Amino acid sequence: MAGTFDSVETTIDFSLRLFRYLRKNGIQLGTFQTIACTRAILSLRAVNHTRLMWIYRITLINRKEDLFHLKQLFELLLESYLSSAADAQNDIDEPEKDQVITVKRREGTDESSSGEDDEELAEIEGYSVAEVDHHKDFRYMPEEEYPAILAVLEQIAKKYVSAARRKTKLAKRGGIIDLRSSVRDSAKFDGEIINWHYKKKLLTHTRLVIVVDVSGSMEVYSRFLLNFLFFLNQNRHFNVEVLVFSTTLQPLTEYFRMKNFHAMLDAVSLHFSGWSGGTKIGACLKELVDSYGSLVTSKSVVVVMSDGWDTGEVDVLDHAMAKISNRAKSVVWINPLKGDANYEPLALGMATARPYCDEFISGHSVESLREFAQLFSA
Amino acid sequence: MDDLTDDTVEELRRNGYIADEEIATALFLAEELDKPILIEGEAGVGKTEIAHVLAKLKKTELIRLQCYEGLDFNSALYEWNYQKQILSVRLHELQNKTEVGISDFYSEEYLSYRPISTALMANQRVVLLIDEIDRADEEFEALLLETLAEYQLTIPELGSVKAKFKPYIILTSNRTRELSDALRRRCLYLWMDYPNYAKELEVIQLKVPELDVELAAKAAQFVQALREQDLNKVPGLSEAVDWSRALQATGATTVDRKAVENTVGCLLKDRRDIAKLKTETLDPLLAKAGNQPL
Chain A
0 MAGTFDSVET TIDFSLRLFR YLRKNGIQLG TFQTIACTRA ILSLRAVNHT RLMWIYRITL
60 INRKEDLFHL KQLFELLLES YLSSAADAQN DIDEPEKDQV ITVKRREGTD ESSSGEDDEE
120 LAEIEGYSVA EVDHHKDFRY MPEEEYPAIL AVLEQIAKKY VSAARRKTKL AKRGGIIDLR
180 SSVRDSAKFD GEIINWHYKK KLLTHTRLVI VVDVSGSMEV YSRFLLNFLF FLNQNRHFNV
240 EVLVFSTTLQ PLTEYFRMKN FHAMLDAVSL HFSGWSGGTK IGACLKELVD SYGSLVTSKS
300 VVVVMSDGWD TGEVDVLDHA MAKISNRAKS VVWINPLKGD ANYEPLALGM ATARPYCDEF
360 ISGHSVESLR EFAQLFSA
Chain B
0 MDDLTDDTVE ELRRNGYIAD EEIATALFLA EELDKPILIE GEAGVGKTEI AHVLAKLKKT
60 ELIRLQCYEG LDFNSALYEW NYQKQILSVR LHELQNKTEV GISDFYSEEY LSYRPISTAL
120 MANQRVVLLI DEIDRADEEF EALLLETLAE YQLTIPELGS VKAKFKPYII LTSNRTRELS
180 DALRRRCLYL WMDYPNYAKE LEVIQLKVPE LDVELAAKAA QFVQALREQD LNKVPGLSEA
240 VDWSRALQAT GATTVDRKAV ENTVGCLLKD RRDIAKLKTE TLDPLLAKAG NQPL
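If you read the sequences in order, they're chains A and B.
With numbering that gives the first Met the number 0, you'll find the first sequence wraps up at 377, consecutive numbering, no jumps.
With numbering that gives the first Met the number 0, you'll find the second sequence wraps up at 293, consecutive numbering, no jumps.
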């Protein structure tokens with residue numbers, strides 16, 4: 000990247016191509032940015048590639064995640080741009096558009112030399128920051144897409160944990176003086192403030208108790224849900240208790256305080272051997288009520304994530320669910336199988352538990368996890 | 000271009016800030032394009048410091064708005080001075096003045112200035128630092144948009160107030176939550192990483208000139224190695240400087256176990272990190288940083 004362009008005009012030409020190329024590859028660029036970038040190049044007369052890269056970083060990109068993509072895409076485009084410029088010297092009459100065709104030739108499709116240059120640009124091989132499909136079932140996602148999915152989940156989680164809590168409401172006593180409201184009221188008494196008004200912050204203290212099935216059939220989904228919860232939990236205001244179960248129940252909340260998700264999983268696996276095993280939903284929910292009863296109160300929302308395949312006795316599950324739905328503010332069941340349009344809650348465990356649930360959602364894709372987050376941020 | 004950014008780097012250095020050319024370019028462009036800069040990065044890498052140095056460099060005032068949850072426009076933008084309004088009404092009443100109208104009480108005289116209106120109304124180009132914007136609520140970002148893009152503020156009773164001198168606006172964020180795209184779009188972006196060894200050493204030498212050169216190098220090496228550990232709270236540049244100062248103050252001659260244990264509180268701010276360092280990682284770290292464990 001140590002080279003330079005021969006003139007500012009070339010720099011601008013290259014930059015315009017880069018804008019289009021970045022947009023094609025899913026980096027959002029507004030005109031605000033592109034205008035700023037062009038003005039920056041013109042005012043600095045920038046031709047040096049390294050410096051140009053700084054300008055792009057400063058003006059075009061506005062989040063850290065994109066810095067890496069920008070560098071990759073910049074280098075890819077620069078390489079093909081320079082090689083096509085070298086070709087052009089052989090035939091100066093070659094139209095502008097054909098420069099781009101060399102870009103396409105790198106893919107080995109050199110026969111077709113016409114077509115929309117927009118598409119050609121997009122076809123530089125080897126790199127894509129394509130959007131994660133928000134509706135696709137996690138089960139069908141290739142493993143190499145996991146980091147991208149997690150990044151999206153982290154973004155969503157951050158968005159929801161920042162749900163506003165700055166709203167205030169009029170309070171009868173306590174709180175701080177609401178001067179504006181008091182003064183407005185004083186108009187009635189000729190500017191004399193007789194009734195002081197007070198305001199209090201609106202609190203949204205719902206405790207979430209999340210019970211996640213980590214048995215074999217649920218592994219993929221529970222992994223994403225746990226990750227999602229982990230992101231949510233990194234916010235100090237968020238009040239969540241996490242427990243996992245397969246054949247036994249294991250509280251995870253204290254491990255959730257750890258900074259690194261993988262380190263947390265390692266620590267947990269030392270104490271919990273039930274990963275990817277069979278399922279005893281009824282027994283585990285009973286244990287939740289019996290041993291961790293203090294978690295299930297009228298202020299807590301209990302969320303169970305499981306596909307409902309229970310190898311234990313149905314009666315136990317029935318009793319446990321009845322108790323939970325009695326005590327808790329509400330019960331949400333997340334069943335990834337629901338993502339399938341033809342799904343009916345027929346598995347015996349699910350059929351038993353379903354009537355006790357206030358909400359029944361799927362949690363099988365990015366979009367459904369967003370819906371889940373919406374449930375408790377509202 | 001070389002000269003322009005090199006000049007800025009040099010000027011920043013003279014004012015006690017070691018900047019690389021990317022930072023210099025960003026500051027230069029912010030002035031050239033009249034755009035705010037959004038600076039993101041880990042805690043303690045010198046984000047806020049940039050604003051201080053910029054104010055020093057431009058020989059102007061720094062107006063700082065520290066963001067926090069629940070920050071609203073009354074404390075950030077402007078507020079009507081209710082007490083003064085009511086007192087005025089009373090006074091006019093006592094003096095039997097009837098020729099005043101409502102609009103008289105909604106004039107600039109009754110406006111309480113807050114950081115943003117102060118910065119816009121100032122009689123020179125000031126530096127407006129909006130610190131840790133990620134701590135404020137999402138709605139608050141929307142309040143800033145007008146100021147960030149147009150350098151103006153609309154007060155319903157008064158109309159739009161346009162800045163006489165466009166302030167240099169610097170926003171910082173620790174990324175505890177995602178900032179809105181609308182805000183990001185209006186700003187230049189600068190990502191600041193932890194410094195590399197050379198920059199860290201340079202900063203330590205600049206900030207703690209009394210410290211022995213060799214010791215400074217060892218301290219920088221140690222901090223660099225420490226950052227690679229799995230820590231709850233990774234020490235930033237400011238911690239490294241504090242620590243170097245502590246080493247100097249305690250009269251340490253080399254970075255060894257005793258010196259580190261005496262001063263570790265400057266470097267690590269988490270109980271578990273400190274315990275882990277003392278029991279497990281200190282010796283390998285000292286070895287790695289080229290010091291003999293004692």
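The hints are simulated quantities; they were obtained by calculation from the structure and are not laboratory data.
It should be emphasised that the depicted structure is a prediction, and the values quoted were computed from it without experimental measurement.
Don't be surprised by glycine CBs; every beta carbon is placed ideally from N, CA and C.
Just to be clear, a hint being listed does not mean it is correct.
[Said to hold, decoys possible] Pair ranges (Cβ atoms, derived):
hint	chain 1	residue 1	chain 2	residue 2	range
1	B	156	A	147	24 to 32 Å
2	B	197	A	84	32 to 40 Å
3	A	277	B	201	36 to 44 Å
4	A	354	B	270	29 to 37 Å
5	B	105	A	71	28 to 36 Å
6	A	74	B	273	40 to 48 Å
7	B	253	A	150	27 to 35 Å
Checked hints:
no. : hint                      : verdict
1   : B:156 / A:147: 24 to 32 Å : 49 Å, violated
2   : B:197 / A:84: 32 to 40 Å  : 35 Å, holds
3   : A:277 / B:201: 36 to 44 Å : 60 Å, violated
4   : A:354 / B:270: 29 to 37 Å : 48 Å, violated
5   : B:105 / A:71: 28 to 36 Å  : 55 Å, violated
6   : A:74 / B:273: 40 to 48 Å  : 42 Å, holds
7   : B:253 / A:150: 27 to 35 Å : 43 Å, violated
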